[in-house]
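J.: What follows is the residue order along each chain.
There are 2 protein chains.
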Amino acid sequence: MSKDPEMRPAPMQAEEADSIRALATQLRVDSIRCSTNAGSGHPTSSLSAADLMAVLLTRHLRYDWEHPALPNNDHLIFSKGHASPLLYSMYRAAGVVEEDELLNTYRQFGARLQGHPTPVLPWVDVATGSLGQGLPVAVGVSLAGRYLDKLPFHTWVLCGDSELAEGSIWEALDKAAYYKLGNLTAVVDVNRLGQDGPTELQWDMDAYARRVEAFGARALVIDGHDLGQIDDALSRARSEPDRPTVILAKTIKGKGVPEIEDQNGWHGKALPADMAEKAIAALGGPSSVHVTTRPPESGTPAITPDAHVAVTLPDWKVGDKVATRAAFGAAVSALADRPEVVVLDGEVGNSTHAGEFKEVAPGRYFEIFIAEQQLVAAAIGLSVRGYVAFASSFAAFLVSRPFDFIRMAGVSEVNIRLVGTHAGVEIGQDGPSQMALEDIAAMRAVHSSTVLYPSDAPSTAQLVSAMADTPGISYLRATRGAYPVIYGPDEQFPLGGSKVHGASADDQVALIGAGITLHECLAAAEQLAQSGIKARVVDLYSIKPIDVDTLRRTCLETDGRIVVAEDHYAQGGIGSAVLEALASANTPKLHLALLAVRELPGSGEPKDLLNAAGISARHIAAAARDLVMD
Amino acid sequence: MSKDPEMRPAPMQAEEADSIRALATQLRVDSIRCSTNAGSGHPTSSLSAADLMAVLLTRHLRYDWEHPALPNNDHLIFSKGHASPLLYSMYRAAGVVEEDELLNTYRQFGARLQGHPTPVLPWVDVATGSLGQGLPVAVGVSLAGRYLDKLPFHTWVLCGDSELAEGSIWEALDKAAYYKLGNLTAVVDVNRLGQDGPTELQWDMDAYARRVEAFGARALVIDGHDLGQIDDALSRARSEPDRPTVILAKTIKGKGVPEIEDQNGWHGKALPADMAEKAIAALGGPSSVHVTTRPPESGTPAITPDAHVAVTLPDWKVGDKVATRAAFGAAVSALADRPEVVVLDGEVGNSTHAGEFKEVAPGRYFEIFIAEQQLVAAAIGLSVRGYVAFASSFAAFLVSRPFDFIRMAGVSEVNIRLVGTHAGVEIGQDGPSQMALEDIAAMRAVHSSTVLYPSDAPSTAQLVSAMADTPGISYLRATRGAYPVIYGPDEQFPLGGSKVHGASADDQVALIGAGITLHECLAAAEQLAQSGIKARVVDLYSIKPIDVDTLRRTCLETDGRIVVAEDHYAQGGIGSAVLEALASANTPKLHLALLAVRELPGSGEPKDLLNAAGISARHIAAAARDLVMD
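As given, the protein sequences belong to chains A and B, one line each in that order.
Numbering-wise (this note's numbering), the first sequence opens with residue 1274 and increments by one.
Numbering-wise (this note's numbering), the second sequence opens with residue 1274 and increments by one.
Simulated from the structure, these hints should not be mistaken for laboratory data.
Be aware that one or more of the hints could be misleading.
The list cannot tell twin chains apart, which means a pair is met if one copy fits it or any two copies do.
Stated by the list, open to error - Computed list of lysine-lysine pairs in DSS-like fashion (alpha-carbon distance at most 25 Å, straight line):
hint : residue 1 : residue 2
1    : K1772     : K1542
2    : K1631     : K1423
3    : K1542     : K1631
4    : K1880     : K1542
5    : K1542     : K1594
6    : K1772     : K1594
7    : K1590     : K1453
8    : K1807     : K1542
9    : K1590     : K1807
10   : K1772     : K1807
11   : K1631     : K1453
12   : K1862     : K1542
13   : K1423     : K1880
14   : K1862     : K1772
15   : K1862     : K1590
16   : K1772     : K1590
Chain A extracted, bound-state conformation (with noise of 0.2 Å):
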């Protein structure tokens, strides 16, 4: 990626600091301003950070205000995101916010700019205020500028003191520097206090350098007050070709307002509104400073997404026994022949068959290491990009570990494929801890999710490829084992859909399944056939959104007798599922046993593990002729 000339910024001139100042106060009076008239809100931690964003609004942002989806601009997160005022008052000085919005609106039901930044605001890239999660995510969005668009663009994450104790930071920092990310550049806005008292630390800037280099990352310890050195750590950090940066500042919270300076017991909190009208007019009152970000440079992205490339999908024969997992491996292989599609691994690439994707495009996939966190958060950084991210892990890791960031992605309304193997007690021998029993209960009441538990090679690759194209959060479940292809080349999957088997008018009883309770169904209904038994099997490969229609004709056709099998845990997985669709769909009468995991599993063959939860097609058909006999 070329550097232009105007990279780094000519030198500071006194009338140039002179200005920046007069900024750093507006924006301190900003966000003393819009906190005590909205009565929340953060502005000690806004003030301790005001010079910091002073010098790089002005003069190392490269931004185009008005086309904030212009490929070639900066990105600037702000980790600590209760930091709001701060970025809003930058946001009113870069002139795309009014005065009166910013006063008016801060925090208020309906407006824009809400308590915690999200991308409800075009400036926006993610939604943060869990922290320790924006540093994570702007890893990702700068592995797309250094290997992916190979654009010149570089990323800049305000980062608190008290976030750097989550252990994500530090599985950002390493990556980070594992992949020479000197695109990216942290400042972290030491300020001592956090909610609760001093942060861990304090201003022990020896001990957080110390830290920041042994992950890999530069670190510029400066006095974040002081603009000249704020402004030199900037251009070191954006000249820096290999390496991020992490800038150091020492801060005082609630710098500007003396009285609050540094002392505890003013986190989160507004000034009242006889302080707040002192402290503006000991800082000389409200201005209207207008900054005029440089441009960002020119520069044409090497990747351009493009949708409409032909997939040709694998395909198998009915009847051959494929894991999932190994169809999630060959469809998303396919799916390279998209440009925008990537890979991303937990170290597990070889279990999940994820690692398929990397024969075919290495320049593509990412291998995080067993950092899933990171993972996730890597590919929310990547659909900030535009690219279409699978990130893959046994399903028990992918899930639960980085589920505040699964969680953080749904207030964000980012576009994520996570795929997770090895699921449920059907995994065997490797016991508990690898078996994701609670991922569908966890995923489906993450905002817009969608969940799928697909039971064959073929249905598997095709909702892979509808992945691909699924605005939100997807979430595809596999299966360990090997089990005999059902479906044929053509059938199609749509998203809330469902495959019903062996239906005939005269049905008894309805079998519901999805991934591997789908072959026990079947199975089941097979047994029931023999015992004069009609039954009927649906296939739930869309488990959010859930086929509504079919469940209810479901319903009315076997009189309200329905057994649903499921290789989780019973609380909140596909049985709930199917419950809520038929209570919103108001089915009159509903006899529904619930087959699934109710306790602990132990080590041992699949079979007996199905066995033993007592999942498999003998108890499915047992509580079927429960249901017909009652």
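Following the hints, complete the assembly by docking chain B onto the known chain A.
T.: Using the frame of chain A, we list chain B on its own:
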């Protein structure tokens, strides 16, 4: 805590070194034998650490194998749980597992020697197998040793190198150093190879050492196959008073079987029978070395749990407005009279009110800062030591950030108490990043969980008190705002119960709520009464276990007309719990309206957000009217 003169073993003589070498060989042979017999497992990850564990077991671990519950015993936690063949082979050498059990039951259905260790075995403290968790839990164990028990036991943790990519490891080392845990030693088996290729840092021992030292622990770099170096490092580790030690042992994966030593592609694979036979023969064949472990030091724990201490809970006046989070703070402070009660804070103790405990029992209050994984892990470690630990933070972060730790706590079947405050849209202005809206779904699906959501101060206090005596993982969801006290001081709130308000024989509809929505349901019932509709209200403070009997009776008595209102997303929450309960009770007829959060909320006044989500009194009343008119 006293350190007895026998703390440091006598220098290792040549003869002893020979017997340790023989033990290490046996551990290798046994690791190969059991995994080959099972047809799966991780022999190569066991072989690399065999020398380390042979020296530890023979000369440093102080443990009474016949009395694993002895409080003076050292702890040995395999954070790399996949090295279970090695751990179980150590148990055989210690004489507590027979050769037959090891060879013929490992990974078999119903066996206690599972694929990854769980506390089904009396010598295992916690389940491992999700990487990066053993060390954080050990921090909790060691906190207890240093600050509560004041016993000289030592906690030894075997870590893998791959798991050092997990941020949770760095949260753990950070806290271990902060709390000066000289009684904690991590032995890292740096065998260079992960599951899917080389690790990030491979054998860059200096890089590991820099990170460890930067985080405040002592790093000792050794050759992990040199018995003398191992012995020296373990001696030094135990005698370091105020700093955790990390022994960085350079090892060779597969060590002892030349054809697979340091070879990629052998992770998690049992040797085929012919290879195993050859390897075992080359190692000298099976043996039966028996180790006599040094006994634990003497001493009495400084704290003796006493569940019979009379605790006087605070009381409140009906009608007073009190936040349930404030009631939690008051109740848990009252519980401080029980010497085994400990409180852990995620640097928000002033908001959660957990901080009040610090005033009454500062020695049993641990500040974990913004590191929720470590927060929960520390609670797990304290549970291992018999303490009743309450961990609290905002619900959004407490449940979702450490969800994998909570899941694994379920696998461990330990007893921990989680209190998440500031749940749902009710929190208002801070916006969606701070709103737990998926916590109930996630927590319900965890094995052994109890999920509570009280609506007023007295019920909160009683439930907090009940949590102290509740096995498994109990979770209480608390509200930010202050709402009227509903219940008098003598009201009882058993787990699995509910409270029915205003029931009469001719009720037309039931309104079910919990927490904030209970107040909305009560208001809705009044509105309905004014329009002549008789509605009863059910306070479902216990979401899991749930009051099936009352729900069934409610359903029968209202002709199936039920409105559920919840400040949670519509999937897997209270509505689902009610539907699951009614399905299990086979209730014949049900018309259930589920009012829940269905769109991404923003910032605003709580009442505006409750309205916007459609879960406030007027929506509940309207839904009830619709059901009644239907």
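J.: Could you figure out if K1423 and K1880 sit no more than 25 Å apart (CA to CA) within one copy, between two copies, both or neither?
T.: neither (50 Å within a copy, 48 Å between copies)
J.: Can you give me the call for K1542 and K1594, within, between, both or neither, at a CA distance of at most 25 Å?
T.: between (61 Å within a copy, 22 Å between copies)
J.: Should K1631 paired with K1453 be assigned to within, between, both, or neither, using CA atoms and 25 Å as the limit?
T.: within (20 Å within a copy, 44 Å between copies)
J.: Since the copies are identical, ignore which copy is meant and state whether K1631 and K1423 lie within 25 Å (CA to CA) inside a copy, between copies, both or neither.
T.: Result: close within a single copy only, 19 Å intra versus 53 Å inter.
J.: Classify it for me, K1590 with K1807: is the Cα-Cα distance of at most 25 Å met within a copy, between copies, both or neither?
T.: neither (28 Å within a copy, 61 Å between copies)
J.: First find the shortest C-alpha distance between K1772 and K1542 inside one copy, then the shortest across copies, and answer within, between, both or neither for a cut-off of 25 Å.
T.: neither (55 Å within a copy, 37 Å between copies)
J.: Up to 25 Å between alpha-carbons, please classify K1772 paired with K1594: within, between, both or neither.
T.: For K1772 and K1594, the Cα distance is within 25 Å only inside one copy (20 Å; across copies 53 Å).
J.: Tell me, please, which holds for K1590 and K1453 at an alpha-carbon limit of 25 Å: within, between, both or neither?
T.: neither (45 Å within a copy, 61 Å between copies)
J.: Within, between, both or neither: how does the pair K1862, K1772 come out at a Cα-Cα threshold of 25 Å?
T.: within (22 Å within a copy, 27 Å between copies)
J.: Tell me, please, which holds for K1807 and K1542 at an alpha-carbon limit of 25 Å: within, between, both or neither?
T.: Classified as neither; 66 Å inside a copy, 44 Å across copies.
J.: How do K1772 and K1807 come out at 25 Å by Cα distance, when the copy is not named: within, between, both, or neither?
T.: Close inside one copy (17 Å), not across copies (43 Å); limit 25 Å.
J.: Pop the pair K1542 and K1631 into one bin, within, between, both or neither, using alpha-carbon distances up to 25 Å.
T.: So K1542 and K1631 pass the 25 Å test across copies only (22 Å; inside, 50 Å).
Comparing the model with each numbered hint stated earlier shows that hints 1, 7, 8, 9, 12, 13 and 15 do not hold.
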